[in-house]
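Turn these sequences into a full structure, and let the hints steer you where they fit.
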Amino acid sequence: MKRRVSAAKKIVAVALAATVAVSLTGCKKRKNNTNAASSDVTTSQSQAAVPETPEVTATPAPTATPAPTATPAENTDKKDNTTSEPTKTEKPSTGTSTSGGTTKPAATKTPAPAPAATPAPTVKPQVKYTFTVRRHEATCTTQGYDEHICHEWGGMNYNDRFVPAKGHSWDGGTVTKAATYTETGIKTFKCKECDETRTEEIPSLNKTHHIKSVVAPTCTAEGYTIYECNEVPGLTYKGDYKAKLPHAYDAGKVTKPATIYEKGTKTFTCTSCGATYTEDIPVVEKTWHKGNTVAPTCTEKGYTIYICDQDSALTEKRDYTNALGHKWDDGTVTTAATCTNAGVKTYTCTRNGCNETKTEEIQALGHKWDDGTVTKAPTCTEDGVKTFTCLNDATHTYTEVVPATGHAWDDGVVTKEATYEEDGERTYTCQNDKTHVHKEVIPALGYTFTETVVAPTCTEDGYTLHTCNENPAKTYKDTPVAALGHQYKEVTTPATCGALGSVDNVCERCNDKQHVKDLPVTGEHQWDEGVITKEPTATETGIKTYTCNVCQATKTEDIAKVHNHDYTRLGEIIEGPYCETEGKRWMYCSYEGCNERVLMPVPAIGYHDWDTEHTECLKKATCTEKGTMRMHCKRDASHTMTYDYGGTGHIWDEGVITTPPTYDEYGEKTLQCKNCNATKTEKVLPTKYTFTVTVVLPTCTEDGYTMHKCNQDDSFSYKDNIVHSTGHHAAQRVIEPTCKEEGRTEIYCIVCGEVSAVLSTTPKTNEHTWDNGVVTTQPTAEKEGVKTYTCTVCNETKTETIPRLNNSGK
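Taking this note's numbering, the leading residue of the sequence shown gets 1, the next gets one more, and so forth.
Hints in this document: simulated from the structure, not taken from any laboratory.
In this text, a Cβ means the ideal position worked out from N, Cα and C, and glycines have one as well.
A few of these clues could be false.
Unchecked claim - Cβ pair distances, simulated, as ranges: (1) T184 / E279: 22 to 28 Å; (2) V531 / L599: 52 to 58 Å; (3) L391 / T334: 49 to 55 Å.
Unchecked claim - Derived DSS-like pairs (lysine-lysine); straight-line CA-CA distance at most 27 Å: (4) K242 / K619; (5) K301 / K358; (6) K327 / K358; (7) K238 / K674; (8) K290 / K317; (9) K764 / K266; (10) K680 / K242; (11) K674 / K719; (12) K301 / K286; (13) K489 / K474; (14) K166 / K584; (15) K626 / K244; (16) K187 / K634; (17) K190 / K584; (18) K674 / K212; (19) K740 / K798; (20) K253 / K263; (21) K256 / K242; (22) K266 / K253; (23) K166 / K190; (24) K166 / K561; (25) K489 / K513; (26) K244 / K620; (27) K719 / K238.
Shown next, in the form of structure tokens:
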């Protein structure tokens, strides 16, 4: 941090050095109004050099302002005093700084030149900056830092020693709005440091219900049960809807008889409401008897004719047999084949009564040519002729061209040599016919040149040189280009902490150099990245050493003490946890004064809090097919669970006793399905059997039901009125640690107490809760007694010595 402050001061000092020089004599030291709200206030001093300018030469040396050597460093707080004295090329930097018991040595002050009575161009006025340091402590939401306020010029102000914001420290919370059975409540948490508040929602109270009344279904309306809330009388809802009762249709009446051509109709009427429906009577099925049988022919199938018994005019052909097909003879050649024309072969059917015929083509024989004879020989320039004759018919012939052989030229003879300025000649002779010759021109050799482009320089002209490869006398120059002249550019070689710099005019083409002036040594070191020469520990600071890359000078910086972070201090939960996924919370380092923190997971709750009171029907059940219901999690509606219901068979009504039972004999009851038209009969137990009815309420994991237990024979006992399990109702609780068990923060069911997740644990206390103790060994005059104490939590014991009795027995 110290290096960053120093660098910032250097940049500001360079940019504003001229302004400081002009206004130096007229600058009056401004008073610093100390902020009473700051926790630490320190005054520090620093000096900034002013470069030589014409204005400085014309301004008398300051006499009203004491020289830096005569001005003591102001210090309004011994806790932090900073002094820095940069020279002309060295920017302002911090010097001595005292913080937390560690003191860094201040830079050696450079005495200012003595004030002169007359202006002196060589005098370099020095500007001394003093600062007030205000400490701003970190709060829950803002970071802490030291504010350095310059007394002379606000442009030199800067901040350092930043500390991260502490974050809120919430209390246990207060219920500001209690939850009811119809509304959620609110719990308000307050920060112990800054009075900031936040709220959490308290779920509404769980309601229980009882059956208020039951409305029976009819054949035109559904039945249902009205449930009333036990906690809020008058709050009701309808549930357990029962399907409409089926219509009680009569046996039906035939309103249109069926025939073999059309369906009939049967109409049924409800005896309760008069509603009707119709059913089709299937067409009358036809019956048949056999008639005549027709035999198959070569091309037609055979079959049997069947006649309808209900309508003799209605017949059908059945029992088909395949056609016989033609039976051909071996055939006769009626037209013979030739070389170019196809022949014909005729076949006749031999079955009685069939005179059908068919023909087949006999392929043409085609020509059978010999190897041919050359009837005219070819020459170099004319084609020859070759004649071919058919072996099947000598009158059939054809001819082919034999290509001319062409000239067979030799390699030729040079009959006239070519020179650089005249063409030569080559003569070729045909090997097939010596009278055939032809001549070709051999081109003159000609002169060749090599071109070289000589570029112009700053002082000499350029040109193109054409050098003859065969005769140097033919070489020549052309395309002259004038000399370019020098093109100078000012090049500055910066001065370093140990070597002079320079300003030169350097030609960009030929590097000709003309020296302009020298630059003085800067004194500014170019520090490397530094090397740790002493590692910091938890009890001692370390040291980092920097080396100048130019002059190998060195400097050192302290490295703050270190420690291993212990992230065990609980912070705020920023996300979740959720039913299936983890949440996140800040965990802070427990090391004193360390505010480092990391995000760590909070275990998932591990189960869903299903809303069993507001289920959604996805598919309605029937007597023979299951339906599908969907429940949503109260914590996250995107979490759903589907389950099947119904489809377990018919739901019978109470039934009608058609044969009353007696004390010893069974009766009979007819039951009708509430959802469809099915009926069944059941035996009715003799009246000597009685039942005890017990209602078992549902739990978090088990269904509720009504138990009918037969008092005389348990085999007649049965269950009905099944009610689905309620599911767990999750909440968070903190269990303090004891000497027996660790403490923990956990998610549990407020109904059955089942624990689904442990969010965090704390170690055992090792502090026992002892009872009043029991004397296990009575003391005597000769021997001490023993009193044994037992922990009421973990049953661990401890003993105490009872002093021996004195001679009086006490």
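Outcome of the hint check:
Look at T184 against E279: about 57 Å separates their beta carbons, and that is not inside 22 to 28 Å. Hint check: V531 to L599, Cβ distance near 34 Å, so the stated range 52 to 58 Å is violated. Range check, L391 to T334: Cβ separation about 27 Å, and the 49 to 55 Å hint is violated. Only pairs whose Cα atoms come within 27 Å are accepted, and K242 paired with K619 is accepted, the gap being roughly 16 Å.
The suggested pairing of K301 with K358 holds, with an alpha-carbon distance near 21 Å, which does not exceed 27 Å. The suggested pairing of K327 with K358 holds, with an alpha-carbon distance near 11 Å, which does not exceed 27 Å. In summary, the hint linking K238 to K674 is supported, as the alpha carbons are separated by about 18 Å, within the 27 Å threshold. As the CA atoms of K290 and K317 are separated by approximately 10 Å, the hinted pair is consistent with the 27 Å bound.
A hinted pair counts as satisfied when its Cα atoms are at most 27 Å apart, and K764 with K266 does not qualify at roughly 85 Å. A C-alpha spacing of about 19 Å is found between K680 and K242, which places the hinted pair at or below 27 Å, so the restraint holds. Between K674 and K719, the direct Cα distance comes to roughly 19 Å. Compliance with the 27 Å bound is thereby established for this hinted pair. At roughly 26 Å between alpha-carbon atoms, K301 and K286 fall within 27 Å of each other, so this suggested pair holds.
This hinted pair does not check out: K489 and K474 have alpha carbons roughly 43 Å apart, beyond 27 Å. Taking the CA atoms of K166 and K584, the gap is about 18 Å. The hint holds against a cut of 27 Å. Pair hint K626 plus K244 holds up; C-alpha atoms about 19 Å apart against a cutoff of 27 Å. As the CA atoms of K187 and K634 are separated by approximately 19 Å, the hinted pair is consistent with the 27 Å bound.
At roughly 21 Å between alpha-carbon atoms, K190 and K584 fall within 27 Å of each other, so this suggested pair holds. At roughly 22 Å between alpha-carbon atoms, K674 and K212 fall within 27 Å of each other, so this suggested pair holds. With a C-alpha separation of about 15 Å, the suggested pair K740 and K798 falls inside the 27 Å cut-off, and the hint holds. About 15 Å separates the Cα atoms of K253 and K263, which keeps this hinted pair within 27 Å; it holds.
Taking the CA atoms of K256 and K242, the gap is near 37 Å; set against the 27 Å cutoff, the hint is violated. For the given pair, K266 sits about 5 Å from K253 by alpha-carbon distance, which is consistent with the 27 Å threshold. Between K166 and K190 the alpha-carbon distance is near 15 Å, which keeps this suggested pair within the 27 Å criterion. Note on K166 and K561: the hinted pairing holds, with a Cα-Cα distance of about 21 Å set against a maximum of 27 Å.
Using a Cα cut-off of 27 Å, the hinted pair K489 and K513 holds, with the two alpha carbons roughly 10 Å apart. The hinted pair formed by K244 and K620 meets the criterion: a straight-line CA distance of about 14 Å does not exceed 27 Å. A hinted pair counts as satisfied when its Cα atoms are at most 27 Å apart, and K719 with K238 qualifies at roughly 23 Å.
Consistency note: the structure conflicts with the earlier hints numbered 1, 2, 3, 9, 13, 21.
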